[in-house]
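**Q** Heads up: the sequence lines are chains A and B, in that order. Read in my numbering, the first sequence has 391 at position 390, and its numbers run on one by one without any break. Read in my numbering, the second sequence has 46 at position 30, and its numbers run on one by one without any break.
Hints are supplied without guarantee of correctness; some may be wrong.
Stated by the list, open to error - From the structure, some residues in chain A lie toward chain B, with a derived Cβ separation under 10 Å:
{"#": "1", "residue": "A164"}
{"#": "2", "residue": "I325"}
{"#": "3", "residue": "I328"}
{"#": "4", "residue": "I368"}
{"#": "5", "residue": "F369"}
Unchecked claim - What the simulated footprint calls covered on chain B by chain A, stretch by stretch (three residues with Cβ under 8 Å from a Cβ of chain A suffice, anywhere in the stretch; the number is not a length):
{"#": "6", "segment": "156–167"}
{"#": "7", "segment": "245–258"}
{"#": "8", "segment": "289–295"}
Treat the hints as calculated values from the structure; they're not laboratory data. It should be emphasised that the depicted structure is a prediction, and the values quoted were computed from it without experimental measurement. Quick reminder that beta carbons are idealized off the backbone N, C-alpha and C, glycines included.
Listed here are the chains, written in short residue letters.
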Amino acid sequence: MTISSNRRHVFVTAVFLGLAVVASFLLTSNGHSALVLGLMTALFVIGVSVLRIPGLHTNHPVVARGALTVAALVATLIATYFLSATTNFNLATGAAMSIVLLGLSFLTGASGQISLGNSAFMGVGAFAMAIWANHHTTTPIVVSLLIAVIAGALVGLLLGLPATRLRGPYLAGMTLAFAVAFGAILASFNSWTGGDAGLQLPTAVTPPHWLTSLYQSGTSLLTTNTMWLADISIVATGVAFFFMGNLFASRTGRAMRLIRDNDVAAELVGVSLPRTRVIAFVISSAYAALGGALWTLINNSVSPSTYSFALSITILSLVVIGGIGTIPGALIGGLIYAYSSAVISWIVTQTGLKPQGNFASQMNGIIFGVLLIVVMLFAPMGISGAVLRAWRKRRSHLRG
Amino acid sequence: MDSFLTSRIVTDILSGLTNGVVYGLVALSLVLVWRSTRILNFAQGAMPMFATYLGMGLLSYHFGYWACVVISIAAGFAIGGVTERVLVRGLYGKPEINPIVVMVGFLIVLEAVAAAIWSTLPRGLPSPFSPIDWQIGGKPFAMSDFSVYEIVTALVVMTAVALLFRFTKLGLQLRAAALAPEVSRLLGVRVGRMLTLGWMLSTAVGTITTVLVASNFFTGLTPQVMDGIFAFGFIAAAVGGLDSPVGAIISGVVMGIILQFVGDFLNSNAIILVALAILIVSLMVRPNGIFTKSTARRV
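Please work from the sequences and hints to get the whole structure.
**A** See below:
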């Protein structure tokens with residue numbers, strides 16, 4: 002990088018920083034929120050400007066991923082301030098789901114295994130979170146989320162040990178059996194899991210004081226609370242995606258892709274098949290548990306009926322539709338999940354079906370099932386795969 | 017003697033046997049598909065369910081029970097064949113997960129469409145046999161006309177499949193197409209047709225199973241009637257070995273009996289947990305199943 006281009010880069014960044022600060026003062030109602038918004042926009046501008054440094058992606062990939070995560074995270078966090086409570090709630094739910102999707106996408110994309118037990122692993126996280134919070138009311142959120150993740154990882158390890166020796170269909174069947182058995186597992190520990198009614202969190206999650214003071218006085222609690230929940234969910238998603246991006250590119254990630262493509266060759270070059278498979282399975286379970294724990298936090302309660310086998314199928318559909326084995330695919334799947342119920346009820350009203358009728362209530366299953374089959378048969382890499390291919394084609398076309 | 021026949025242990029063994037033949041049949045239908053096309057069919061419960069709805073729907077048009085059973089089985093053959101030709105044909109040689117995903121998708125579509133057309137309410141079928149237990153010396157003996165119907169039908173189906181594979185030219189062609197497709201093609205076997213036939217047979221066996229399950233007075237026909245049974249059938253097939261029809265049937269029956277004891281002496285929640293434990297332990301000890309001889313895998 003020459004000095005002049007370096008100088009120009011700094012200059013452009015500074016101009017944008019100035020604009021961001023001015024804009025945040027104009028957009029907001031009081032000095033306090035202007036300060037927070039200004040800081041956040043500044044962070045966004047810095048993140049983007051770091052990303053624009055030439056050669057960064059090849060020389061310091063971790064820094065590049067970090068800057069990308071910070072920029073995307075800050076932009077979304079700013080957006081949550083302006084969004085309605087309903088949208089924020091959907092966003093929070095979808096963000097948590099995208100963590101689960103990323104876990105499964107990683108397991109399948111990186112090591113070629115498939116799990117139908119993600120609903121149960123989500124349930125493990127969701128209940129671990131609720132049980133812990135009920136016994137230790139003062140634990141900070143971050144700690145109880147971590148405990149849920151550890152619980153998910155441990156159960157994943159337990160089921161992953163036999164999984165090391167299994168090939169595709171056997172693992173899918175075994176995890177299916179786990180998902181089907183999960184309800185019975187919960188019922189066996191009634192005194193801990195609260196039976197059919199599930200569990201409530203002892204105290205509702207409320208935003209810290211500095212955040213509530215961003216809003217004009219008189220703003221409803223619902224608005225501030227859902228924004229805070231969406232923010233927690235989004236930050237957790239950012240951390241999870243940043244970690245996964247690095248793992249994908251690491252030595253372990255490469256070993257996993259080699260196993261997926263040719264496990265015999267992988268063993269010949271010294272990759273430990275059982276160890277790598279267990280790691281992939283444990284990470285995917287831990288991600289599912291994190292998603293489930295966030296759902297408990299968002300809903301302030303957990304019910305066993307949420308984590309039925311049907312949820313596993315939804316998770317599989319979303320991963321396949323978004324694009325299996327790709328990082329953007331998990332985000333796309335999460336977004337689809339956040340808005341799927343709204344879209345489906347829109348379809349139901351458009352087609353003039355009776356909302357309480359048989360067809361309307363089965364619309365979800367029909368649409369997801371057909372999409373799952375069609376995508377797998379005609380575009381196995383899903384939306385992100387199709388977009389990527391179209392983009393590459395265009396670029397090579399432009400280059401001639 | 018009478019008190020022995022009505023004792024708790026004999027009761028459990030007999031009820032377990034009745035459940036076990038059903039698991040064995042589901043396992044058998046999974047094995048038939050696995051052997052011919054190397055696909056674990058996750059819609060193996062849903063496809064027969066749909067065929068049963070199609071056949072049994074004619075009950076409202078004053079068809080008799082047996083006529084409806086025959087039509088259901090015919091529908092099963094048809095659904096199996098069409099599915100193989102339309103959905104599965106393009107999946108051979110693709111990565112292992114592709115057929116799994118497609119068949120899971122098919123499972124949801126079939127269940128959702130069935131629920132949309134026929135609702136999720138259980139539909140009772142007019143079973144020709146009484147489900148009430150026989151009496152010995154004033155005490156119930158865990159056998160009824162209906163369970164005899166189940167067990168005899170299962171035995172007939174299993175024997176028919178065994179005879180077909182062992183003693184007919186068609187059976188030989190089916191086995192050849194599954195084991196060595198290239199060689200059989202050179203020798204004049206219509207391999208594609210054999211694969212379709214494998215799926216048709218498997219779905220028909222599944223349909224007979226579903227008819228048995230749904231004819232039970234205490235269950236009835238629902239879109240998800242086979243979900244739980246599919247899980248047990250899969251566990252039986254995996255424990256016995258997806259390559260071994262005999263192994264699948266034996267492990268299905270044994271599992272039925274073990275699980276009946278578990279349900280009786282522990283509690284009903286423990287049934288699926290013990291089944292899961294059996295699956296995990298057996299897969300750790302023998303990943304390819306107890307009854308499978310070779311463990312070699314083509315690279």
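**Q** For each hint, tell me whether it holds in the structure or not.
**A** Against the structure, the hints:
Nearest Cβ of chain B to the Cβ of A:A164: about 9 Å, under the 10 Å cut. The hint holds. A least Cβ separation of about 8 Å between A:I325 and chain B falls short of the 10 Å threshold, and the interface hint therefore holds. Hint status for A:I328: violated, given a least beta-carbon distance of 18 Å to chain B, over 10 Å. Using the Cβ-Cβ criterion of 10 Å, the hint placing A:I368 at the interface with chain B is satisfied: the shortest such distance is roughly 9 Å.
The interface hint given for A:F369 holds, since its Cβ lies 6 Å from the closest Cβ of chain B, which is under the 10 Å cut-off. Here the segment 156–167 of chain B counts 0 residues with a CB under 8 Å from a CB of chain A, which misses the bar of 3, and the coverage is violated. Residues of the segment 245–258 of chain B with a Cβ under 8 Å from some Cβ of chain A number 5, which satisfies the need for three, so the listed coverage holds. For a cut-off of 8 Å, the count of residues in the segment 289–295 of chain B with a CB near a CB of chain A stands at 4, and the three-residue condition holds.
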